[in-house]
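Heads up: the protein sequence lines correspond to chains A and B, in order.
Quick note: the first sequence uses this note's numbering, first residue 20, plus one each step.
Quick note: the second sequence uses this note's numbering, first residue 20, plus one each step.
The set of hints was computed from the structure by calculation and includes no laboratory data.
Just so you know, even glycine gets a beta-carbon here, dropped at the ideal spot from N, CA and C.
Be aware that one or more of the hints could be misleading.
To give a feel for the contact side, a few chain B residues facing chain A, derived at Cβ under 10 angstroms [what the hints assert, rightly or not]:
id	residue
1	Tyr23
2	Trp40
3	Ile73
Number of protein chains: 2
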Amino acid sequence: MAAYVQDAIMLLGDSLTQGGWEAHGFAQRLSYVYARKLDVINRGLGGYQTDWAIPVFEQIFAKEHEQHHVPKVRLLTIWYGANDASPAPSPQHVPRDRYKTNLSHLIHMVTSPASAWYSPDTRIILITPPPVNTYQWDGRVFDATKSYAEAVKEVGLKENIPVADVWTEIWEAAGKDEKSCERFLSDGLHLNAAGYEIIFNTLIKIIGENYPELHYDKLQNVFVPWSEVNVADPRPSLVKRPAMIGLAQL
Amino acid sequence: MAAYVQDAIMLLGDSLTQGGWEAHGFAQRLSYVYARKLDVINRGLGGYQTDWAIPVFEQIFAKEHEQHHVPKVRLLTIWYGANDASPAPSPQHVPRDRYKTNLSHLIHMVTSPASAWYSPDTRIILITPPPVNTYQWDGRVFDATKSYAEAVKEVGLKENIPVADVWTEIWEAAGKDEKSCERFLSDGLHLNAAGYEIIFNTLIKIIGENYPELHYDKLQNVFVPWSEVNVADPRPSLVKRPAMIGLAQL
Chain A
20 MAAYVQDAIM LLGDSLTQGG WEAHGFAQRL SYVYARKLDV INRGLGGYQT
70 DWAIPVFEQI FAKEHEQHHV PKVRLLTIWY GANDASPAPS PQHVPRDRYK
120 TNLSHLIHMV TSPASAWYSP DTRIILITPP PVNTYQWDGR VFDATKSYAE
170 AVKEVGLKEN IPVADVWTEI WEAAGKDEKS CERFLSDGLH LNAAGYEIIF
220 NTLIKIIGEN YPELHYDKLQ NVFVPWSEVN VADPRPSLVK RPAMIGLAQL
Chain B
20 MAAYVQDAIM LLGDSLTQGG WEAHGFAQRL SYVYARKLDV INRGLGGYQT
70 DWAIPVFEQI FAKEHEQHHV PKVRLLTIWY GANDASPAPS PQHVPRDRYK
120 TNLSHLIHMV TSPASAWYSP DTRIILITPP PVNTYQWDGR VFDATKSYAE
170 AVKEVGLKEN IPVADVWTEI WEAAGKDEKS CERFLSDGLH LNAAGYEIIF
220 NTLIKIIGEN YPELHYDKLQ NVFVPWSEVN VADPRPSLVK RPAMIGLAQL
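Chain A with its partners taken away, still in its complex shape:
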């Protein structure tokens, strides 16, 4: 069984999050830079939207009374919209207003002291859905996804949560041309390595600006670098330490 050694970054979302485990995906990239500091827990479920995310999140985020047994989620990314923006009557469609309410609900589950899932140590980043390239992917509408990306920014402003606006980052990198988005999308909806590079860089920039104490450069290895092991008497030098410098022992 895995003991509680490292705190965690939790990635909540749909197939764009699940695909973060691809080579060069943002989960892989985060795992690499946060190795020995924070574990990355990928809770991306392909095809899901925010109506379905709420009962899922109730199960994957620990309730307050369980929290002393399990890794703290130091950072939570919430990334939906690619499916919510499907046109009705798709079962994946969530109307824009309810999408916004659902995002706020997920945030309040973590930030509201009245919530059973209240977790004041968890920092949150919202991520906008990327642009769809309808030349590549049938069944989505370019302006609908754009409008859902704007909805995320409205929620971020209202809830005072930073937003990784990857819609705009990719749109600008593509020269504001829908067809050119194919440089960042494998199939018009999902990201390729170049697309995930933008996600990763945007997240790291936001971490640095909003939650600098969580930037990987500010964290120490939970177990010391091998050159700091006391060779004559290793055991005391091999006691785990918190990754966040200045925190008491776990």
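Following the hints, put chain B in place on chain A, whose structure we already have.
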């Protein structure tokens, strides 16, 4: 905080394990194929050897009385030797006999009913160190690492634990030529993407042969595929299930 949703694969080792988070590394590849089924917990610590692994493992593997709070480790890989095989008087050097004793000690911690860390649900795979290419990497001896790879096979035989013999797999893929090992090694000691592909394929083959119930194809998603969500009444269809089919609910 992250609730207990998925069981885990734990990777215990040195820099070869830590580097598994590189793009195309074996941790990334395992995470991708086991997404929504088992989490991958990478406990690779660069530079470490088996003397130091024991006090570390005492902290990262849960004791029996803690095990009901935390994810079960369904599969544990143990991969040391690249540093143990350093020539004395390097502080990383562990004599071959003690290396074997240390590997057996790590195994017994999990498999012995008398151990505080006893975990009968955990399956174990030993991994041999890969060949070193001393044309690329100074400070290791080709025959020493070969001898430590053989030591792992001796331990596997004695303890009845399957061995991923990546030394032999890479050696044969390189046409049994030390210099040609550079096709699989980035610097003579560490693996590149082609090297990690061999590690991944060897592990999956051993899982299929020895622990077929843990092969990713035999596991179901903890949360149903989105097409199975009951759209009219989603909540009951969104209750987590064990990834191992036939097991009771977590």
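Tested hints:
1. With 10 angstroms as the threshold, the beta carbon of Tyr23(B) comes within range of chain A, its nearest partner Cβ sitting at about 7 angstroms, so the hint holds.
2. Satisfaction of the interface hint for Trp40(B) is found here, the shortest Cβ-Cβ separation to chain A being roughly 4 angstroms, below the 10 angstroms cut-off.
3. The interface hint given for Ile73(B) is met, as the beta carbon of that residue sits about 9 angstroms from the closest beta carbon of chain A, less than 10 angstroms.
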